[in-house]
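**Student:** One-letter residues, chain by chain:
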Amino acid sequence: MAAAIDGILPSTLQELVTKSKVLVVGAGGIGCEVLKNLVLSGFTQIEIIDLDTIDLSNLNRQFLFHREHVGKSKARVARESALSFNPDANIIAYHDSVTSTDYGVNFFKKFDVVLSALDNRAARNHVNRMCLNADVPLIESGTSGYNGQVELIKRGLTQCYECTPKEKQRSFPGCTIRNTPSEPIHCIVWAKHLFNQLFGESVEDEDISPDSADPEAQNENTNIKEIDGSGDNGSEDKEKVTETGSEFNTESKNDGNVVRINTRQWARDCNYDAGKLFNKFFNEDINYLLRMSNLWKSRKAPLPVQWATLLANGTKNEDQEFVRQHHKVWTVEECAHVFANALKELSCAFLKLKDNDTLVWDKDDQPAMDFVAACANVRSHIFDIERKSRFEIKSMAGNIIPAIATTNAITAGISVMRAFSVLQSKWEQCKAVYARLRLNGRNQFLVADAFFPPPNPNCYVCASEPAITLRIDTKRIQVKAFRDDVLIKTLNMVNPDVTVEATGSIVISSEEGETESNEQKILSDMNIVDGVILKCDDFFQSYELSIIISHFDAERDDVLFEVIADKNQLQPKREQKPKDTSAEQSSSRKRATNGRDIPDDGPSTSKRSRPSEVEDDNDDCLVIEEDDVEEIVNTKTEQLTVKSPPKVGAKRKPVKILDNEDITEILDSSDEEDLGPAKSKRTKLDDSQPNEVISID
Amino acid sequence: MDVDNKPSDAGVELTEAENELYDRQIRLWGLESQKRLRTANILISGLNGLGAEITKNIILSGVNLVKLHDDKLLTEEDFCSQFLAARESLGSNRAEASLTRARALNPMVDISADTEPLKQKTAEFFRQFDVVVINGESNEELLRIDGICRESGVKFYATDVWGMFGFYFASLKQHSYVEDTFKYKLISKPNEKKKFETVATPVQRDVEYPAYSAWIDFDLNAASYQRKLKRDGPGIILLRVLQTFRNKHQRDPSYKSRDTDIALLQAIRDEIAPNSTLSNDALGLLFAQISPAVAIVGGVVAQEVIKVVTKMEAPHRNLFLFNPETCMGYVETVGVN
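Taken in order, these protein sequences are the chains called W and V.
Residues 1 to 697, numbered by the UniProt record's numbering, are exactly what the first sequence covers, in order.
Residues 1 to 337, numbered by the UniProt record's numbering, are exactly what the second sequence covers, in order.
No wet-lab data here; the hints were simulated from the structure.
If a hint is listed, it holds; no wrong ones were tucked in.
Chain V stretches covered by chain W per the calculated footprint, using a threshold of three residues with CB under 8 Å from any CB of chain W:
| no. | segment |
| --- | --- |
| 1 | 102-110 |
| 2 | 285-291 |
| 3 | 299-305 |
Built from N, CA and C at the ideal position, the CB exists for glycine as well.
Construct all of the structure, not just a fragment, from the sequences and the given hints.
**Tutor:** This is how it looks when you write it as structure tokens:
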């Protein structure tokens, strides 16, 4: 408690530390370290909020927690441990979500500075808005592996968190997942979809069956149906296989839902017979794909596998040793065993559920993870893709961001150092700092920005009158989807009210039940058409936004809306080639979910149907370093330092974010359909504590 | 690629519990590194705030053994950053006072305390460790221990934090490590839009690290160094000023005599480096050990120790300095031609 002893800190700083109120958002990897630094520095008025509980895999870095704390509230245990470092501190701990309406702008106004140590973009966006509104300086931080970053967000002085577009998540066209996988991740995504088809909530766009509407295979559609009719015991799958093109549109009876229920029902009717299911997914469906011969003209054709040939000696019930060898790459035979065992466990659990309850895929649930690892590898084998160990598959399927104690300690240290400068209003000492593994061209690995990047005048959050243009298919999107997918998931509002500017008519009300009758209406039926301006107001966030509607007719494979923050961008974007536009759309629509940032992640293939994403993990956060790959490595062994040419001028590249959230999945839950509006969803959403990676350079 | 395979590394599988506990870091540095960590024995001498930070990070990483060494007693100012010692332990030995909380951080690590004065420790003592981290010592003592370590093949780190300013010096003699180099590989077909994949290739490097004496002999006022000094800032001067103060007064600047000591520091500064850019403001930030700065320096030192033990990635060569005003952390190459 440095500030409690005279002569240690300069007197002005000592006084500020003693009397300031600080809010710490997040009690994870960075949060634990921040809290320790605060109490030891002599801050006495500290509040900390985190909705998460302690997990065993946190203990390698979240040092305020020990084995006996597993399962307990992070915020509360962090408070207890920190108090033992300095019993004189007053710490209030909230085991809660910071996006809860209990923490409004007035709550934030109490504080002199807010230190955010979050792991997901949705919560970061929200805290950003609250701090902007409350005019409280926000110190935003995050880590990923060896990389860390700390930046100040202050109204009028700096960019806000939402001024720069964040890195798009990695997504894959449906055809790639269903018909033509070429990388392990494609098979992993497919395996997770399969899990959901059988046991999970029915999520749109997660078909696992061959997609005969694949543009590449299109001209053979008619043939396919004929051939399929003569196929072996696949008659009940015929409809499933030919059923395609499910989209947002609930008017259409073509909705994939019907199909999914059938798959689920079919599996149930088979008593989850491992052999039957295995053959269906890895033999019959593959044979079906083979008949779409266009697909295999320039690709290696898949090789179906058969249960009976793989497991000539039958399955073994006992838990075999290889099953627990997470670093070993299982053989296809071993995968079949794992498949059978996992299927048995999952189906038992599933059948025990009441009503329409479903299982939720969790990387830490052993049979669920086993199932995905086994299925992904069998599929990889079929398509001649490299198989992976369960350990590696868990990383990709759970989108786990590696995290270490040292990076968190360094980042949290910088965060509190910046808090000292903020309290003293030494703004010139508050520029963003990045922690890196390797030295830059000036022999630095803790690097501060040279200047504050100016706020983006077109930012749809911190501009004086925020406005966006929304390209949207008004003939296909319902009001409910507009609220959930556009306003909540994409624009990160919590509880929006929407009126038509010209007429003042209420489209969406935050009052429960008030506009329920509008929910199923298509936008165009509400006279929300091209050129209409909507006023959106989130009272809780004190956030008002004008949305200018720009209608377009979406193609089958297009996503149905795209947010354009900068009006000037509208024209050029429209002129782009369709495929690029669609890539943009998918990413902006799905901003809330995310995939891993992989350096070789180029534009996806040209054929597109609904993109699929990898969902995420709930852990710490952040940074991927471009320098690591861009550096020119001096091969002289004598020269230890790795040099890259010093950077010139404006250094900030667009911020990259790897966001880890299960939000799409949660909000799409069919179980929630009848629970009504935003409130129940919010609770659900809060339960998933996501994860994120930012990279700024 | 494997560097310098110790027999103890081979064939030792991690237990399921270890795999679970260390999951997030294994995903960063790999299984092989985790196995190397598990065999590593580390000495941390000087259990002030900085010592506590380094200890915490090293223990969390999952090494085999950590020896906490200190012959000093816990004082009030230690509570500015020494979170391993409880308040009730005021006046007791700092290493012993840290044991309970240190062990709670990771029950899988063998942790013990040693309270004998460092001066009495001979080569035999230091040879038990793979890495030796010494904190808060005089240059004379640092030179002696570095000499022993270099003879014994033990990796040596000297480190300190004064207030918010800190440094470390790495003396690793000959060190081999593996790092990835990256190349772009064209993966698209000729008629497609160009698409690249980054290919990481592990490369082994062997690097020579000078002895601690290189820093003692380093001439701050050498004409050849002035351009670099101007670019990097006066941190290196501050380090010399503080070590001179410690040598001259047999103590560090104290908050109890804050104003007098700032004046003494100014005098040393003006003697060592007249007209330097080292400001009086910076001299006001050097008392006790301030937690966030200690977290940064302690985090950096522990990360370097982990690099050394795992033989992955280049340990920075060789003098690290942290500037608390900018939060910049940079490396000076001292004694390397």
